[in-house]
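Novice: Sequence:
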Amino acid sequence: THDQVEAMTMATRIAVMNQGVLQQLDSPQVLYEAPANLFVAGFIGSPSMNFFPAVLHKKDDGKIYIEGVKYSVPIPENRADVYEAHLGKDVIFGIRPENIHNPDFVPPNIHIEYATAKVDIVELMGNEIFLHLMLGTVAFVARVDPRSGYSVGEEIRIAFDMQNFHIFDAKTEEAIR
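Using my numbering, the letters of the sequence shown correspond one by one to residues 62 to 238.
Rather than coming from a laboratory, the hints here were simulated on the basis of the structure.
Some clues are possibly wrong.
[As the list claims (entries may be wrong)] With a cut-off of at most 16 Å between alpha-carbon atoms, the simulated EDC-like pairs for lysine to aspartate or glutamate come out as follows: (1) 150 x 235; (2) 232 x 151; (3) 119 x 145; (4) 119 x 142; (5) 150 x 128; (6) 150 x 234; (7) 124 x 142; (8) 124 x 145; (9) 120 x 145; (10) 120 x 138.
[As the list claims (entries may be wrong)] Have a look at the derived ranges for each label pair, beta carbon to beta carbon: (11) 235 x 118: 14 to 24 Å; (12) 145 x 103: 22 to 32 Å; (13) 72 x 182: 29 to 39 Å.
Glycine is no exception: its CB is placed at the ideal position from the N, C-alpha and C atoms.
Given only the sequences and the hints, what does the whole structure look like? Please build it.
Specialist: Dropping the structure here:
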């Protein structure tokens with residue numbers, strides 16, 4: 062099927078193809094949590110994963126940071142070793158809408174880092190809000206608590222769940238793990 066929602070709900074294993082080439086064959090949960098590349102990451106999930114151009118840098122504090130045009134967030138120490146070989150290289154920082162939170166309603170026991178974004182569109186869905194945001198020139202979506210009271214044009218603080226992010230090589234588009 063070409064319908065990823067249908068495949069995710071009915072299949073025990075899914076083959077994700079791009080122009081006739083197999084990208085990943087796995088269970089729905091693994092495709093969602095550990096996509097092999099940028100194509101799979103963007104195809105699985107609704108709304109799809111957000112992608113931000115970035116570079117990995119080690120700062121004076123010894124931590125590795127994901128740095129983009131308008132943000133700089135440290136990688137949790139328990140995941141940093143994986144990215145040592147990619148310092149100074151162009152990467153794509155990927156994070157799903159449900160892993161971006163209103164700081165007032167962050168779930169307990171997650172590792173968060175903050176950034177500031179501008180609200181472009183507010184979609185009230187009843188049990189959740191889809192915020193269409195801008196971080197510099199990059200448009201992205203956050204799925205936030207319905208009690209969040211945001212207005213179009215407002216500059217807001219957002220919280221990235223840094224236990225649930227992905228890094229992709231900007232040239233090969235493959236996941237870095």
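Novice: Give a verdict on every hint.
Specialist: Comparing the hints with the structure gives:
| no. | hint | result |
| --- | --- | --- |
| 1 | 150 x 235 | holds (14 Å) |
| 2 | 232 x 151 | holds (8 Å) |
| 3 | 119 x 145 | holds (9 Å) |
| 4 | 119 x 142 | holds (11 Å) |
| 5 | 150 x 128 | holds (11 Å) |
| 6 | 150 x 234 | holds (13 Å) |
| 7 | 124 x 142 | holds (10 Å) |
| 8 | 124 x 145 | holds (10 Å) |
| 9 | 120 x 145 | holds (12 Å) |
| 10 | 120 x 138 | holds (13 Å) |
| 11 | 235 x 118: 14 to 24 Å | holds (21 Å) |
| 12 | 145 x 103: 22 to 32 Å | holds (26 Å) |
| 13 | 72 x 182: 29 to 39 Å | holds (33 Å) |
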